[in-house]
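J.: First to last, the protein sequences are chains A and B. Reading the first sequence from the start, the letters are residues 1 to 586 in my numbering. Reading the second sequence from the start, the letters are residues 1 to 586 in my numbering.
Hints are not guaranteed to be accurate.
The list treats identical chains as one, so a pair stands whether inside a single copy or across any two.
EDC-like, lysine to aspartate or glutamate: derived pairs with alpha carbons at most 20 Å apart [to be verified]:
#: 1; residue 1: K183; residue 2: E72
#: 2; residue 1: K183; residue 2: D565
#: 3; residue 1: K498; residue 2: D522
#: 4; residue 1: K550; residue 2: E72
#: 5; residue 1: K498; residue 2: E447
Since the hints were derived computationally from the structure, they do not count as laboratory data.
Protein chains: 2
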Amino acid sequence: MELPLLPLLAVLASAFLAGKLAERIGYPSVLGELMAGIVLGPPLLGLLTSHPALDVLAQLGILLMMLYVGMEIDPSELGRASKGGILAALGGFITPFVLAYWVVTSWGGSTMEGLFVGMAAGVTSLATKSRILVDLKLLDTRIAHVMMAGALIADTLSLVIFAGLISVANPEDGGSLWLVAGKVVLFFGGTWAAGTYLLPRFAGALQRMGTAGVFPVVILVLLLFSEAAHLAGAHGILGAFIAGMFLRENVIGHTVSRDIMTWVRRGAVGFLAPVFFVTAGFQVDLAVLVDSTMLVVIVVGVATVGKILGTALFYLPTGYGWREGLVLGAGMNGRGAVEIIIAQIGLAAGIISQEMFSVLVVMAIATTATVPVLLKLGVTWLRARGELVTARESRTGAIIIGASPLNRLLGKVLADSMPVTLIDTREDHCAAAREAGLVAVQGSALEDVTLTEAGAGKAAYLLAHTGNPGIDALVGRLARQVFSIPHVHLLFDASRMKSSAHQNAKAHVLGETSFTGSFALDEWDRRIMEGSATVCEAPVPTRADGTVLKDELPAGLLAVRRGRDVLPIHTHFKYHPEDILIVLDS
Amino acid sequence: MELPLLPLLAVLASAFLAGKLAERIGYPSVLGELMAGIVLGPPLLGLLTSHPALDVLAQLGILLMMLYVGMEIDPSELGRASKGGILAALGGFITPFVLAYWVVTSWGGSTMEGLFVGMAAGVTSLATKSRILVDLKLLDTRIAHVMMAGALIADTLSLVIFAGLISVANPEDGGSLWLVAGKVVLFFGGTWAAGTYLLPRFAGALQRMGTAGVFPVVILVLLLFSEAAHLAGAHGILGAFIAGMFLRENVIGHTVSRDIMTWVRRGAVGFLAPVFFVTAGFQVDLAVLVDSTMLVVIVVGVATVGKILGTALFYLPTGYGWREGLVLGAGMNGRGAVEIIIAQIGLAAGIISQEMFSVLVVMAIATTATVPVLLKLGVTWLRARGELVTARESRTGAIIIGASPLNRLLGKVLADSMPVTLIDTREDHCAAAREAGLVAVQGSALEDVTLTEAGAGKAAYLLAHTGNPGIDALVGRLARQVFSIPHVHLLFDASRMKSSAHQNAKAHVLGETSFTGSFALDEWDRRIMEGSATVCEAPVPTRADGTVLKDELPAGLLAVRRGRDVLPIHTHFKYHPEDILIVLDS
């Protein structure tokens, strides 16, 4: 069969333009792609048309997409999820599931259709979340943490139920439920064993192969797991998702994992998945909106109300209050990509009617559209009431790059309240750090093995203080991109680099400037070595009304003691009047 | 249409295993993939089978492959190609073309078939070359340069002729040659104008979008150019190739270009193109080898003899001798990927018979298989005769990273014979360099804009001498990977880094150690500033028989004067007895 160039070009060009447009007005690009399919495709204008070859590319696109979704989920995090996350996920899944099932079966739908629509109503799309959280500056709040964990559990849960449903619906097995269940259990057991015991055995060999060598292996594992899911009577996307969950850093290494995730993301989000979403839009029957307006309104309504109220209700036992529960529910109401994938598979398998498929597409669009609006309102409400709680960060400890005298001294200060690891290429510096009772790793912080050894995967702070602006910037970028360390501080030494260059590097790294501004590293190193610098403590300079006078902070300010914590500071640090300053004095 | 998971998995698994096997014994992986298709597919064992959906993926694979081949070709280099390269390309194309045409038409083939087989015989596959050149350590020899330029010209030439042929063969136009010619000319003119004038206008906007933003644009341009080629009556691969030629650094920036080439290479070489090569093997009719053994032997014979003798004959006017011409011809005898792509399109278009297609596949395998063997023999022969000439490097000049006193002094020394540019983040160092009459760029050498500004695209040497081993290694890697600078030297300062770490970095960068070994940068900087170090010249220490005594080279050796050239040295530098050493003395 020929690759249809013109239809593919038309579909992709529409997808990219509509996706950009959606992003511009604050929505995930998948909404734009669906709309492009509906408006430009057969349902309305008929400018775009389907083609069997496009289906092939679309299916490859969703396999890659599910691989990517899986790669973003760390199975060990599922086990560590907070009570709040589990409750929110369960409430937000079960309530809309039950309500939607009840509506569909009351409306005359089959049990199977009811279960399928229920599942679609229960989905919470992970991919559409993180962008909004960044835009609303929520990443370090508790609701963001609960929401991410909740979406993760809800997605995994709905995919497992999906596997069961699609297997039962599979006509090949002649309806023997034991056989169906046995195959599904075998599939989950087999993939779990392969992912947990078999793949990690090849970790060493894989990590030596580099990205070019590992890439084809990832593609093969993806197809193998997908085919296994297919054989088990479930759908290939389930295998793709599970393959992604197991092809992680621990198996293929940090850098290779990032490279491959980048490839998969581009191949899926930037190329093939849009083909899927546009052609999914093709299958919408707009007459449904007119003929069954009631059904649409009711299904979308119960999905939304069920999601929000269900989340809030199940969240009550956490004691974090019904308001936080409502905002959580509003944030988890987006269904986006995963729901469309499930709905399209249901349609293709003949489980749901085209009418119901159209309702589900409308539900995906409508509910995803509510998220930015409702979440923003909710967050503003919580913030105004002072109830927007910062997350108890699961990451702790600081990594300091550079083990010069100043850094060793800073390390000692911080080590009072958190684990501190220093990294330096120089043996003498590392030895001196160890003599001072600190943990030091000798090696280049630019290599991810060194950072891994220093515990970067669990660190809350990375202080890049080598004094070499280039190195500091690069390590900072690595810490951000590969290890997702939330707080990255770069040293700024005016004698070594221009302020504009530092600002540039900082912006690039999304980091902060260490200390209170320019800091002459060599000078302080020399003074410390000479013994002319001592550490002392001082109160925060405040006005009579208690506001902090940032301009009057002492030079040589290293860190702040707040209660039992000692915190590294930066130029945008928010001081409390009761903080105690730890100052290097000479 | 369903994506056929099991057939795709089987094809890819065979492709990867056979490809790895081929590489292990020194051949390009495409040979293994073809063989897998022939042996495991319908022609022999019948374990693998075709599927229409695989064709779709295979076609997407060759579009990506041709995009990649195009991205590797710099059109401005085509214009600057040496006389030798042009002659070798012409001779190596025309001679097998004419001979194969004559054989096929004498054998009863149509004119069109003759032209098509001629073209396939004339092809020289670029992708299969570079690996062998590296393995045989030929990269800096004249034959390697001529071969690369020749392959480039021959590939471009054969694709242009291919466009013409396939247009003429296109039944839609009813055979009006004027219409056909007009459309082809319009296509070349249109894409050339779009690539030369239109795309560069968006360079600024594209470079600000980053890789994630540019990637969909590249896919759209690829499809647009392919569809334009299709509309002009030629084949889409021609559009893909031309799109690649114009989507270069000057349009999308160095880093984005490298990122996208990496993506395309992985998507093509590591995923979809193998589907094409395996399924191409499916179409081979092994009966041909038995029934038309004579035809196979003659076609492969005239292609090989024509390529080697034709290249040598046309190369004579360069005055570099018939021996070098023969070795060149042997090196350019590989046809690999591009020939298979052309043959498969000829088969699909009904221009060549399945018998002839099978002959062409055998030709691709047989001729590519000769390359490593014949080239190795030829090179050994030339080397033994002392006729293996080092290329007159088209790159000149050195970039020194770091503008400390030692680097400024080294810069002055080298500037006697080549352009020298220093890069430093420190303003005072740059000012001092400029005062000394040197060219200095202030900025971070880790950003490709700085290296571009310093002329890294044309530099022969990059001396990473910041004294910071991490920075040096990273700049060296950037110089190699993004700017392909042939000589990268890293400073080794034993007081700052362990020898093993330096060796590691050097191996990673594929660079050399600057000077004669460990070099105490700070120490020499201090002496130079104090005025206690002076530059003097000395003869090379030699034994009575003229062999160089490397162990007796003086400390502080900076560079070597050889005739009118001044050359940077490294630990593996080959000294000549008549060289003059430039030494820093204190």
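J.: Look at each hint and say if it fits the structure.
T.: Evaluated hints:
1. K183 <-> E72: Close neither inside one copy (27 Å) nor across copies (49 Å); limit 20 Å.
2. K183 <-> D565: For K183 and D565, the Cα distance exceeds 20 Å both inside one copy (52 Å) and across copies (75 Å).
3. K498 <-> D522: within (17 Å within a copy, 22 Å between copies)
4. K550 <-> E72: Close neither inside one copy (40 Å) nor across copies (55 Å); limit 20 Å.
5. K498 <-> E447: between (26 Å within a copy, 15 Å between copies)
Of the numbered hints listed earlier, those contradicted by the structure are 1, 2 and 4.
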